[in-house]
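J.: Residue-level listing of the chains:
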Amino acid sequence: MKELRIHGRGGQGSVTAAEILAVAAFRDGKFSQAFPAFGAERRGAPVMAFLRIGDEPIKIRSQVYEPDYVMVQDATLIGIVDFMKGLKEDGILIINTPKSPDELGLDGNFRVRTINATVIAKEIIGRPIVNTTMMGAFAAVTGEVSLNSVIDVVKERFSGEVGEKNARAIRRAYDLMAKGESS
Amino acid sequence: MKELRIHGRGGQGSVTAAEILAVAAFRDGKFSQAFPAFGAERRGAPVMAFLRIGDEPIKIRSQVYEPDYVMVQDATLIGIVDFMKGLKEDGILIINTPKSPDELGLDGNFRVRTINATVIAKEIIGRPIVNTTMMGAFAAVTGEVSLNSVIDVVKERFSGEVGEKNARAIRRAYDLMAKGESS
Amino acid sequence: MEVVEGSYAVAHAVKCCRPHVISAYPITPQTHIVENLAQFVADGELECEFVPVDSEHSAMSVALGASAVGARAYSASTSQGLALMWEVLYNVSGMRLPVVMTAVNRALSAPLSIWNDQQDTVGARDSGWIQIYVEDIQEAHDALIQAYRIAESREVMLPAMICMDGFILTHTYEPVVLAEQEETDDFLPPYDPEYYLTVERPLSFGCFAEPDKFMEFRYMQHEAMERARFKIKEVADEFERAFGRYYGDLIQGYNLDGAQIVLVTFGSIIGTMKEIVKHEKDVGILKIRSYRPFPVKEVREALKDARVVAVVEKDFSAGFEGALFSDVKAALYNHVSDLKLLGFVLGLGGRDIPPEDISKIIERSRVVMDQGLKEEWEFIGLRGEIL
Amino acid sequence: MEVVEGSYAVAHAVKCCRPHVISAYPITPQTHIVENLAQFVADGELECEFVPVDSEHSAMSVALGASAVGARAYSASTSQGLALMWEVLYNVSGMRLPVVMTAVNRALSAPLSIWNDQQDTVGARDSGWIQIYVEDIQEAHDALIQAYRIAESREVMLPAMICMDGFILTHTYEPVVLAEQEETDDFLPPYDPEYYLTVERPLSFGCFAEPDKFMEFRYMQHEAMERARFKIKEVADEFERAFGRYYGDLIQGYNLDGAQIVLVTFGSIIGTMKEIVKHEKDVGILKIRSYRPFPVKEVREALKDARVVAVVEKDFSAGFEGALFSDVKAALYNHVSDLKLLGFVLGLGGRDIPPEDISKIIERSRVVMDQGLKEEWEFIGLRGEIL
Amino acid sequence: MGVYRFEGGDTVKNLFVSGHRACAGCGMAIAVKLILEAAGEDVIVVSPTGCLEIVSSPYPETSWRVPWIHSLFENAASVASGIEAGLKALGRKHEAKVLAIAGDGATADIGMGPLSGMFERGHDITYICYDNEAYMNTGVQRSSMTPPGASATTSPAGKVSFGEIHPKKDLASIAVAHGVGYVATASVGYGLDLMRKVRRAIDHDGPSFIHLHTSCCTGWRHPSSKTIEISRLAVLTGLWPLYEVVDGEITDVKRLPKRLPVEDYLKTQGRFSHLFRMEGGEEIIRRIQAIADANAERFGLDLEG
Amino acid sequence: MGVYRFEGGDTVKNLFVSGHRACAGCGMAIAVKLILEAAGEDVIVVSPTGCLEIVSSPYPETSWRVPWIHSLFENAASVASGIEAGLKALGRKHEAKVLAIAGDGATADIGMGPLSGMFERGHDITYICYDNEAYMNTGVQRSSMTPPGASATTSPAGKVSFGEIHPKKDLASIAVAHGVGYVATASVGYGLDLMRKVRRAIDHDGPSFIHLHTSCCTGWRHPSSKTIEISRLAVLTGLWPLYEVVDGEITDVKRLPKRLPVEDYLKTQGRFSHLFRMEGGEEIIRRIQAIADANAERFGLDLEG
Amino acid sequence: MKLRIGAIADPGTSIVNRTGGWRSEKPLIDHSLCIRCFNCILYCPDSAVKYSEKEGIYFDYDFCKGCGICANECSGRAIYMVMEEK
Amino acid sequence: MKLRIGAIADPGTSIVNRTGGWRSEKPLIDHSLCIRCFNCILYCPDSAVKYSEKEGIYFDYDFCKGCGICANECSGRAIYMVMEEK
Ligand SMILES: Cc1ncc(C[n+]2csc(CCOP(=O)(O)OP(=O)(O)O)c2C)c(N)n1
Ligand SMILES: Cc1ncc(C[n+]2csc(CCOP(=O)(O)OP(=O)(O)O)c2C)c(N)n1
Ligand code: SF4
Ligand code: SF4
Ligand code: SF4
Ligand code: SF4
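In order, the protein sequence lines correspond to chains A, B, C, D, E, F, G and H. Position 46 of the first sequence, counted from 1, bears residue number 230 in this note's numbering, the numbering being contiguous throughout. Position 39 of the second sequence, counted from 1, bears residue number 223 in this note's numbering, the numbering being contiguous throughout. Position 55 of the third sequence, counted from 1, bears residue number 90 in this note's numbering, the numbering being contiguous throughout. Position 228 of the fourth sequence, counted from 1, bears residue number 263 in this note's numbering, the numbering being contiguous throughout. Position 222 of the fifth sequence, counted from 1, bears residue number 211 in this note's numbering, the numbering being contiguous throughout. Position 234 of the sixth sequence, counted from 1, bears residue number 223 in this note's numbering, the numbering being contiguous throughout. Position 75 of the seventh sequence, counted from 1, bears residue number 188 in this note's numbering, the numbering being contiguous throughout. Position 43 of the eighth sequence, counted from 1, bears residue number 156 in this note's numbering, the numbering being contiguous throughout.
Just so you know, these hints were derived from the structure itself, not from any lab. The structure displayed is predicted, hence computed values, not measured ones. Glycine is no exception: its CB is placed at the ideal position from the N, C-alpha and C atoms. Hints are supplied without guarantee of correctness; some may be wrong.
Label pairs and their in silico Cβ distance ranges [claimed, not checked]: (1) F:R287 - H:I118: 50 to 60 Å; (2) C:D247 - A:S343: 52 to 62 Å; (3) F:I239 - E:D291: 34 to 44 Å; (4) D:E190 - C:E420: 36 to 46 Å; (5) F:E238 - C:E258: 52 to 62 Å; (6) F:E30 - A:E340: 34 to 44 Å.
Sequences are here, hints too, so could you generate the full structure?
T.: Below you can see the structure in the form of structure tokens.
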């Protein structure tokens, strides 16, 4: 079983991201479980969401303490939130930032991948809503969900042009990250 | 321990009668307990109240099932209420009625004393409120409370002329009954 | 001593405690208490704010606000009223406000019944209130005065309800020693809370607790309840010294020495029980005076030499059994095991409890003592013919 | 199977039951259930009267009125909301109206907490409602459909609440099989009460009962609860036949064969427990599915071969101990005595329960198995540093 | 405006039957009888806890010949809402109108929230508050409808008290402020007027509200025979104006040829007797007269002047 | 009428401090800041459960620098009553005025009964309802204050629904019907007017009531920067008339030189967007315009015409 | 009697409760004075005043509680109260 | 920190909560345009707009959440928002 923690801000769709990834993983034949960090946070405040993916039905109900993956949707959280907390050795941190992993200068036994999701989202979707873009990155970096499933689910969720645009953003992120680039 | 059951109608002061007799008995150095038949009855409807008098503190909390005495404040209850229920052998029934015990034709191993309390009350107190008058009868017939105590308590309760009048009615009833007359 | 109505005695005790704010909503059979208080106020005998609220929910909320601003607050209710203020009950205890209430015991609707049983306060056993059940009118009067001492002590700071059987105690007249104002003043110091609402020190009351703290607040409440055990004892002793009357601490035993059968119960039924038990050599009574905190150790100690224990109560948890019955068994499990425990539910919705019912219970206990247990618990006094 | 949020799954199940009247007041974390239902209505997917009430007290009162007129009524609430409708809860059960409610579990204020524990529904254990606690989202969905069958059956005619951990189940997405309308229709017949408000037969509902009858009405409720034991089993079996899923009847055992240590509990914690217990040969789990009626005989049977029983719960009765702990001990007393019973209170106000807490409980149980009992119950997961 | 006339045995519907346990001379009992007479058989009635419920429904007896339900003291408006919603959902809306009959305490105090919600949601319910100006069922405690100067058991007259001090809540205006389409005041002393208003209220679609003044001989402390007479005096002194408000407009005010002084009303009742006995009582009576005068002004009660 | 003017650092009392957790751009937070600024330090504040309470009091933090208490969602008026009674009984009445600040749900729905009781008993309390027109704290469910046509999560727009259908409860009129001596409407968009009214309310003896319109950017779905602008639009379209009622008489109506069409207001917010998208939406907009027109008529809003 | 679930009662059953027993005064009528205004029927709290063409106004003493309202409201002063004899 | 009974908090303590971290845009001011109407101070939900004679209007970025109201309400159009850089 693998565990992901997503950091974002209230209103940025972190829970939706966890949910869509859970649905996609299930499409891929895995079991999954997604849930928010239950809180009273308001729009703008830092929030978290969690995802578990595994080959067996997932029974555990506790929070995620030692994630395999951490995803940060908003670089302005850097310095404000301890998003490396508990990240497993050899875990992967995926951050939305224009900077390169080296520039971030994060210490730890984990890998860091960066992606400028805000730029991609603004460019393709037209709004700085990065949660779908980040899903593409997650798929590419971790291989825990297939690109196709993510795109399918997103298209079902957002119909018409909005869906198409999001799909394109996901694919762009996927391609970038699959190539090993930090955009 | 002796037990009394009072029958009357809502609004006729049956509970007050039980209470005043309890206070009077306590003055006489006995222990006492008075309580109504707990109910939702409205003015005019038949009601009951109870009194226990004894030489020891009274602990029992159940209703009175086999009274030593029964007092009926309102002759119109005859035929409507089973006021003889449970009355002990050798118990005493005191009824406010112009009739004589014989005329009532009640069957049982108990004694019956009648008193025309309504007439006394109207005459002396000026209103057909018989509860105090009946207390005088009770004191005379049973000897469970002293006349003086009853009169004292009633005078404390109803000050001035009202008290005086009630006291006189009590005394009249007492005298009548003590003489063994059924008025 | 004077012969007074139970409700009057309680109102008198309240008056002697000099409450600042009284806030209650009328409901049978609590009404006489509140009416007497209203009359004291109307006659200038009691100076306080008497707030004629719109409901019990508001009654307890007014008491809460008053208590938070540093006032001594009193309320009284029963049954439906207690149920309607449910949410506020937990709130008051969680906010650690020492409101004192006379909780008159009455059945819960449906069907509606204005008559006595103990389903109402027993159902509030998790609410974080101290619950003291009284046996007679004198105790209802005295326990009220004790309650403020216990509740307001800095170690405790928990609300307390004095539970008193409706009608059976509220509407009965019997001889009672009414407290003097002066001796009450000597016994009960003015309420002096460490924290209260004031512009001098503008604190915030009723903050919310995130998951990293909530449990610890509950634990603190638990600790306060543990301390209340000692406080209840201490105050009972001091009350005895001051007023010369004593009703036990968390429990009180009667005839327990050498008793093979012990009747465990609370409330006014104890009076009738005593009348019966005095004729029975081997039968004792264990009165649960403090139901919360529950006298765990005391119950173990008191029952350890018995052979059959009959738990007698006027409530039951639908789908299970009487609550006191469960609690007593729970307290004994792991500790005292060579007993037979029997449960009896009676007196619901005002069903009178004649002495014969108590005798029947003792009889049943004897059968179990001789022949072992069959049915664990039963209703006593059911009218089979209307079922 | 689809991955959906727990609240959606519940709303879907409700929709399939074709309620006539839905009446609920929003409160975290029940909100998503009601919002989903409102959206079904707004989209024309569900035809019913959705009554946007002014409070939970009114929510349950509307459900009561609707049920009395012969409509199938649904509500959902939690915590403060449940507390505010307290009086109505007892009323609905006493009036024998088969209202079904999803009771989301959340802590009770003060301090305010929007997070999960089970103090709220546990506190309602005397209310005369059937209480079923669910382990996961699928069961929350399925139990809802079962609930109407149980509650509305003529032998039972009692309201039922499906208790579901707030957030942990309501806000989690996981794979669920959503019921089909048709299969639900086959399983659940239309509500067909014997008595209801109609001018055709102008009956009077909610009469009051004098002391000569009240107790018998309670007894009838008790009997209905006894019959509900069988109904719950029967419906679980039929549900399995119809839908192929089964969660136990009144209880469900896991790994009980040969278990020396048994963890007794209810609700979502069982998921985490199972993960731990699968690595422990001698540790089993006893899930209390139906808390009311309480599975007295089943618990005795299931635990009789254990050595240590750890009762694990997210509630406690202030001044005593965890309610489930008491109830289990009470059920065993007189019957199974060579066990050690241990209580653990955890997860209050949303305190997370990591697997280590379960391991710690098992450890503690082992120590007791080896060395005997010291402390009977304790809080798990307390942060001593802030106390 | 229909005029009701009892023609004798057969035309009387008798839907609130004899054998109920109300006090001899109870104004509420009269009112309920008349309400049902006007409403007819096709109603479902909801009553909260209170005198009406207690006197009419000691199981297994009931005085109701229409379908009737009692749940709690504070929730009549919500229970009625549930019934109305249920009827709608079951396709039985045509079967019956929903009618709540509730005391002043149940309406203006503990049930105020649910009533406000019922108004707001626009249920098709007729809600009648019979106002006997105190909690009678529990022994004459004050309610927010107890008039100033009246002695009630929780606002008693006493050495330093003239009884109740707060003004009566203006329920009709509160209903109007909620946008209720048909609002009326009525008095048991004007039985035919009451029946006409009940019928109008029931025929009205959506919520309607009648504030109905009913004497309680036990609580007001007057001879049981005077119930109707004294209820009328409340109207004739201007203390209880009779009017209707249709869609926010006051209509149909009962005008008084010669308004009587409030003493004529007050002196008939024990609950006001201290005003005539205690020093300072005249001042309270003057204030009560001022209330009547203000009513006369506001509603144009006085035919002349 | 005092005019408030912030003169800079030192004159600002800052009694509702920074660090609270309200959404960026929260209208309620602005309003509360201004209320306290006007009220000053000598108040004891009561807040029910709701956004205000949640954003200001996660233990051990609080944003209040005046004494403050939260108990439950429905009982602010009763808790305030208890505080006021307590102050009186303790001889500390002079110490502080009691101020309740509560959301529309807490006031008009679940807390309606206690509020009505508080009014009736005549406590000296200022009660301010900040009306953001839904239950925001729990995620934008409808309240009885949600305006017709708005989509809320329990009255959502959908295939067969245009969102909320019931009219807003007229809280100010309900307060007036209770005989409350000082009643006013206010808007966070008119900050100085709000402060003046708060001061008047607090200075008033006995109960006073302010119904205060505050945008919630999250629930109304508009950019956080537009909170004040949109709140003003409600006033400028006539949907939210500003006025005072002193002893039952309407005074001080804010007149509009040129009333704007309601679309100007509706189109700024996501909660109304379906009205511009769905077939039949124009009809709803027309009805909303009719509400504004009726307000204009009732309060004489239009300066010309 | 067996109890019915939920305390649900059959319509109009209070008719078994003969409240006539509560009475201490009872109404009588002088038919010659009756003008058939029917105030007595309208205002009797216990529906104990009846009317038939043949008998005119009469009382159902099984239920009359003797409140005296009929006498008080009688337009023709035809009804009067007398002490109950038992 | 030790918990205090009843969850009673000391005044104004939320000041430790630096909500500036929530911001994604931040306000800047062109002092030359400011006409000192103080709308910005009046309407800032977070009391993050300050004023002193010397510095004029300035922002407390520890608490400014970047809502943009100050800019929107600025009479002089002196305040404008820029993306936050971190
Ligand atoms: C929650 C609750 N509180 C209090 C009561 C007690 N109670 C029952 S009826 C009643 C008074 C009823 O007064 P009102 O509504 O004016 O009707 P009336 O009895 O005067 O006809 C009271 C206080 C109750 N049943 N439930
Ligand atoms: C008895 C009860 N029911 C429901 C809730 C859940 N609840 C808390 S705040 C809230 C809504 C608050 O709405 P409002 O009063 O309008 O204030 P806002 O949050 O919009 O500022 C709700 C429904 C509760 N806390 N208690
Ligand atoms: S107390 Fe009053 S309202 Fe109640 S039944 Fe008697 S007369 Fe009627
Ligand atoms: S949800 Fe609305 S009212 Fe609540 S804090 Fe956010 S903006 Fe303010
Ligand atoms: S952007 Fe918003 S929070 Fe920041 S200073 Fe301006 S008004 Fe205040
Ligand atoms: S709003 Fe603009 S012009 Fe007014 S004081 Fe602030 S910065 Fe200056």
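J.: Against this structure, judge whether each hint is valid.
T.: Do the hints match the structure? See the list:
no.: 1; hint: F:R287 - H:I118: 50 to 60 Å; verdict: 51 Å, holds
no.: 2; hint: C:D247 - A:S343: 52 to 62 Å; verdict: 41 Å, violated
no.: 3; hint: F:I239 - E:D291: 34 to 44 Å; verdict: 26 Å, violated
no.: 4; hint: D:E190 - C:E420: 36 to 46 Å; verdict: 22 Å, violated
no.: 5; hint: F:E238 - C:E258: 52 to 62 Å; verdict: 57 Å, holds
no.: 6; hint: F:E30 - A:E340: 34 to 44 Å; verdict: 56 Å, violated
When each numbered hint is compared with the structure, violations occur for hints 2, 3, 4 and 6.
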